[in-house]
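K.L.:
Taken in order, these protein sequences are the chains called A and B. Residue 7 in the numbering used here sits at position 7 of the first sequence, and the numbers go up by one each step. Residue 1118 in the numbering used here sits at position 118 of the second sequence, and the numbers go up by one each step.
These are computed hints drawn from the structure, not numbers from a lab. All values derive from a computational prediction rather than experimental measurement. Incorrect hints may have been included.
What the hints assert, rightly or not - Cβ-to-Cβ under 8 Å is the rule here; a few derived chain A residues that face chain B:
id, residue
1, Pro161
2, Ile169
3, Val172
4, Glu205
5, Met206
6, Phe208
7, Leu258
8, Val278
9, Phe279
10, Ala281
11, Pro282
12, Met293
13, Val296
14, Asn300
15, Leu301
Glycine is no exception: its CB is placed at the ideal position from the N, C-alpha and C atoms.
What follows is the residue order along each chain.
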Amino acid sequence: MATITATPAKLDSEALALKSTSLWQITWHRLFRRKSSIVGMIILAILVTIALTAQWIAPYSPTLSMLDVNPPQNVQKRSSPCIHLLGCPQDQPQHIMGTDGNLRDEFSRMLYGARLSLMIGLSTVTFAIIIGTVLGALAGYFGGWIDNLIMRVMDVLLAFPSLLLAIAIVTVLGPGLINALLAIGIVSIPAYARVMRASVLSIREMDFVSATRSLGGNTYEILFKCILPNALTPLIVQGTLGIATAILDAAALSFLGLGAQPPTPEWGSMLGAERNQVFTAPHLVFYPGLAIMLTVLSFNLIGDGLRDALDPRLVHVSS
Amino acid sequence: MTTYILRRLLLSIPVLFGILFATFTLARLIPGDPCRAMLGEKATNVVCDEFNHRHGLDKPIPIQFGVYVNEIAHGDFGNSFRYSKPITELLMERLPITVELSFAALLISIFIGIPLGVISAVRHNSWVDVVTMMWANVGVSMPVFWLGLMLAYIFALALKDTPFQLPPSGRLSPGLITIPFFETWGLEPTKGTFIYNISDFFSRMNILNAVLTGNWVVFKDAFTHLILPAFALSTIPMALIARMTRSAMLEVLGQDYIRTARAKGLDRRSVIFKHAFRNALLPLATVIGLSLGGLLGGAVLTETVFNLSGVGRILYDGITARDYGIVQGFTVVIAMFFVLLNLIVDVSYAYLDPRIRLN
């Protein structure tokens, strides 16, 4: 599976030149051949751009009340979107997504929300991957009672529906964004521990591991230099899909008032704060929810694409 | 089969203990002393001393754990200071609502998800397949609470005064009451007995109760109230089921025995349903089992959005009121429920695939 079969038409000298393609190049190519992964990557690219440039493209500060701008604006609470290009009178201040219950510009808050959402996804998954990988590696490599102890604890964590366990943990730690992230990180550890353990179990019996051992490699070298690089692919797939789940769960916790606290521009908490106004100001519920969905969707699409691209059992023929 | 079930039962005991240990530890990690956490900030020292003694909190930690396990084994999950009621009583009142909602959502997701998955697999790469998979991708990425609010907005406000108008919250229209089926039937079980508790539990499921009493006005009303929350809750499992059915069917349809079945001239229908679908059932059992946990978690969000007074809603209220008793008690119960569901899934696995129980 190291090379991609080329169609006869493309069989020119360039393709015949023996140029080795790395696994990542192949994956990249395969990823770009799937329409759904391309859609996912486009959405993600837009989100990352928004997150990086929020401070320049947002018309207002995300926590600024329109009463505090100079001169104070004459806008109503929860006013509907007003876009000058779409025929909104010029004498009214432009608010692309309207204003929220505290007279803040919803559009600015949405832009800053992208920053927070991506940060949430990446940080929780990084936390869970690091701890999960170490635990899974220890369990798989040493076996015996260490394996038993670690995996039984993971079983217990898996015995709770993830959102409920996260809720229980946040209730104990106290509401707040950091605690919510910690809770989501903790509940997603078992998935990575299991993936890592399974990889370690299958890899540790391979010849190159025995070779390293006979050359005098210590446990650390074998685990982190031999086994970990070879167990990376399932972890990457799991991690990408895990970011999607983490963002969704974090939004749910914030919606319930356990995550980011107002006035933090977090999509879930923005939606939660205005949920009783859905009949009078639907835009304040619609936009944050749509943004959450698109973000989660992009990671799901990329994750699915990666899984197929990295799966050696699937036969890939270039079209 | 019996030995398999027994072995599986025994295997879930350590997990149950783990759950108890985890919730016990969580409760001990609550900042401040458990007495004030359970009874509220205003509890006096005298009350707290009495409380600590009654719950064995003045004893060493390992003994406290023993006391806790013992209390749970006797069905005592603690008290809620907000409702000043035992958790068990609250559960018996609220659980039927959540069970009804989750069951409806599961039915919707199975009865829509499976056919969609089968059709997309049979018509691989057709427009049905493409649309289903696009929709399934959106479905698994859906924030349930957002979908619920949007559905409420569309069906209660945008479609107001059309035949499609649906109520956005609650379980019954004001003015309608349900009479428990055992009272309509003239049965008078004594309060507190097991029979009474069971009948009371089932009579709280409005739709079931309406069918049992033959009250079709209430049935229609309860049904229309259930559509939106059940549909919102079913989105994620439905998408998962459709995806899983599709990939399982695609795998099975490529097998040699399917080609054999086709070659010997069997009609399409029996090839798809008898030969292919039955073999695709196994991975489906897993995904349905896994979505049950998601349903229980999603119920918290759905019930909050649709103002349903089920387990999820009371958990939310418990969180906002800092009623640790509710959060702890309900978490234990839901986790145990989840373990039981997983057990059922495993047993059905063994039933569906003889290879498993023979190993």
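K.L.:
Now look at each hint and say whether the structure bears it out.
P.N.:
Structure-based check of each hint:
{"no.": "1", "hint": "Pro161", "in the structure": "holds, 4 Å"}
{"no.": "2", "hint": "Ile169", "in the structure": "holds, 7 Å"}
{"no.": "3", "hint": "Val172", "in the structure": "holds, 5 Å"}
{"no.": "4", "hint": "Glu205", "in the structure": "violated, 22 Å"}
{"no.": "5", "hint": "Met206", "in the structure": "violated, 26 Å"}
{"no.": "6", "hint": "Phe208", "in the structure": "violated, 31 Å"}
{"no.": "7", "hint": "Leu258", "in the structure": "holds, 7 Å"}
{"no.": "8", "hint": "Val278", "in the structure": "holds, 5 Å"}
{"no.": "9", "hint": "Phe279", "in the structure": "holds, 5 Å"}
{"no.": "10", "hint": "Ala281", "in the structure": "violated, 10 Å"}
{"no.": "11", "hint": "Pro282", "in the structure": "holds, 5 Å"}
{"no.": "12", "hint": "Met293", "in the structure": "holds, 5 Å"}
{"no.": "13", "hint": "Val296", "in the structure": "holds, 4 Å"}
{"no.": "14", "hint": "Asn300", "in the structure": "holds, 5 Å"}
{"no.": "15", "hint": "Leu301", "in the structure": "holds, 6 Å"}
Consistency with the previously given hints fails for numbers 4, 5, 6, 10, ordered from lowest to highest.
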